[in-house]
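Position chain B relative to chain A; hints supplied.
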Amino acid sequence: MILTGHAIQEAVDRGEIAISPFESACLGPNSYDFHLGTKCRTYDSLVLDSGRPNPSTVQEVPPEGIVLDPKRIYLWDTLEVIGSSRYVPIIRARSSTARLGLFVHVTADMIDIGSINRLTLQLHAVVPVRVYPRMRVGQVTFWVCSGEIVPYTGKYRDTESPAGSLSYRDFGVSD
Amino acid sequence: MILTGPAIAAAVAKGDILIEPFNPIDLNPNSYNYHLFPELYKASASSHQGDIPCLAIADTGLLLEPDCLYLGCTDEIFHSTRYAMTLVGRSSVGRLGLFVNISADLGHMGSCNRWTLEIKVVQPVIVYPHQCIGQVAFWQTTGLSDPYAGRYQHDERPYPSKDARLLSLPREADA
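These protein sequence lines map, in sequence, to chains A and B. Going by our numbering, the first residue of the first sequence is number 4, and it counts up by one from there. Going by our numbering, the first residue of the second sequence is number 198, and it counts up by one from there.
Here chain B stands alone, though its shape is the one from the complex:
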């Protein structure tokens, strides 16, 4: 079962869900809004191996280009040992053709971090620091649980893939 907004607020009050910072205005009927942390890694076909620049999003905005992958993260830290989480984009940014994840929408129970976003745009889109960009939903689970203790456990910034093989973008000369 998916938690309604009032159920999310009650779980935060009980300590079953941590959202930091938490602001009741960001509760929706069945999710909680998150915001865009003002740093993005940018990878493109011309990126050299392991050399992915980290860009600051200025108050005047940053133009995201198609054909690039941007790794950003949420302003908020999300954590729950009781509920599983799924991350979706806000319809307002989906309508601009901005993907916020690349088919990796599940947040494991026990993970505690700023959620890394895999951002890709269809048309060029200007984004701004701390803008509301998506939503997290919380799901009741069934069965015994082994909370997440994986390699992205305490990320506090956008984090490129920790799989060294996945990080090996082709060099321009190899492409």
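So that you can see chain A by itself, here it is in the shape it has in the complex:
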């Protein structure tokens, strides 16, 4: 079951969903619109290695935005801290974003219960697109789960968004 906008509002009021800052105007019939933050991380090298650390650089994006290059992946934080101790958040682009050929994640749409943080969006543009900090870019939905809840304790728990991939840790490689 997916929560309606009213149910999201009630869960926020009860403290079972974290969305901060929260504005009722961003509630949809069954989702909440989130915004790009102001920080964007790109990898320093074109070739990436999933088994090793990939050096990267964070920039504060100016109000005039940046044009995304289709040949690059951009990690961008959300303005909002988002998460839930009770529901499974799943993110997707707003249709207006998708109609520009802009992906907001790269097949990683599901957030673990108990992971409460600014999201790290994975922006990929099919054609060059200019994007702006604080733009309304995507939606988060909340799904009811079945079974005992064991909250997320994974490797991104204490990272600052946008966080680069920690895939290399799966190979026993340390920082």
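Note that these hints are calculated values from the structure, not bench results. Note that CB positions come from ideal geometry on N, CA and C, so glycine has one too. Where hints are given, some of them may not hold.
Stated by the list, open to error - No more than 25 Å apart at the CA atoms, straight line, and that leaves these computed lysine-lysine pairs for BS3-like:
1) Lys158(A) - Lys42(A)
2) Lys42(A) - Lys74(A)
3) Lys74(A) - Lys211(B)
4) Lys74(A) - Lys239(B)
5) Lys317(B) - Lys239(B)
To be verified - Okay, the calculated beta carbon distance ranges per label pair:
6) Pro357(B) - Val130(A): 42 to 52 Å
7) Pro65(A) - Pro357(B): 43 to 53 Å
8) Glu13(A) - His305(B): 15 to 25 Å
9) Arg89(A) - Thr338(B): 19 to 29 Å
10) Asn220(B) - Arg55(A): 18 to 28 Å
11) Pro65(A) - Ala253(B): 44 to 54 Å
12) Asp47(A) - Ser241(B): 40 to 50 Å
13) Gln337(B) - Pro154(A): 18 to 28 Å
14) Asn220(B) - Gly8(A): 37 to 47 Å
15) Thr338(B) - Asp16(A): 29 to 39 Å
Chain B in isolation, oriented as in the chain A frame:
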């Protein structure tokens, strides 16, 4: 409703979900991790009709190139006649710009196979055999069911499209 990690483990113990091999360490708060089988088919605009080479992923890794489509599969066999499944990428590989499916994320009840992955990268990415690359989530259903009996039922390796028309990549001379 989506199953939590403990609910997935209970369903495996009851036989309502088959994950082979199953390792409790791969349970997440609301999904189960899968790993990359060490063979990939590679298709590109210069592939000749029906001629899609199958590459082995060496222990030293395989460099995936943008502008190509790779068909891989999971190490694990997934099967359930009770729950529907969805396949997502791991955030650690999404953050590297690696797609694990091309908007085909639903696993039907009754299918029993290594799940074929449609892999595409934004920047060149090196991948390794058996690395943890994504997650499967399990969903309760409502209504009578007719389990899947389709043409990909017992795939044990990555399997190119069985739709002959879809397999007809343009020849270089035709492109």
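Going down the list of hints, with the structure as the test:
Restraint check for lysine 158(A) and lysine 42(A): the C-alpha separation of about 20 Å stays at or below 25 Å, so the hint holds. Taken as a hint, the lysine 42(A) and lysine 74(A) pair is honoured in the structure, with Cα atoms around 19 Å apart against an allowance of 25 Å. Using a Cα cut-off of 25 Å, the hinted pair lysine 74(A) and lysine 211(B) is violated, with the two alpha carbons roughly 46 Å apart. About 19 Å separates the Cα atoms of lysine 74(A) and lysine 239(B), which keeps this hinted pair within 25 Å; it holds.
With a C-alpha separation of about 10 Å, the suggested pair lysine 317(B) and lysine 239(B) falls inside the 25 Å cut-off, and the hint holds. A hinted range of 42 to 52 Å is violated for the C-beta pair proline 357(B) and valine 130(A), which are about 28 Å apart. In this structure the hint that proline 65(A) and proline 357(B) lie 43 to 53 Å apart at CB holds, the actual value being about 46 Å. Take glutamate 13(A) and histidine 305(B): their Cβ atoms lie about 34 Å apart, and the range 15 to 25 Å is violated.
For the hinted restraint 19 to 29 Å between arginine 89(A) and threonine 338(B), the CB-CB distance of approximately 22 Å keeps it satisfied. Between asparagine 220(B) and arginine 55(A), the C-beta spacing of about 24 Å keeps the proposed range 18 to 28 Å intact. Distance hint check for proline 65(A) and alanine 253(B): the Cβ-Cβ separation is about 46 Å, which falls inside the suggested range of 44 to 54 Å. A hinted range of 40 to 50 Å for the beta carbons of aspartate 47(A) and serine 241(B) is inconsistent with their spacing of about 27 Å.
As the Cβ distance of glutamine 337(B) to proline 154(A) is approximately 21 Å, the hint placing it in 18 to 28 Å holds. The beta-carbon spacing between asparagine 220(B) and glycine 8(A), approximately 39 Å, falls within the hinted interval of 37 to 47 Å. Judged by the Cβ atoms, the range 29 to 39 Å given for threonine 338(B) and aspartate 16(A) holds: they are separated by roughly 31 Å.
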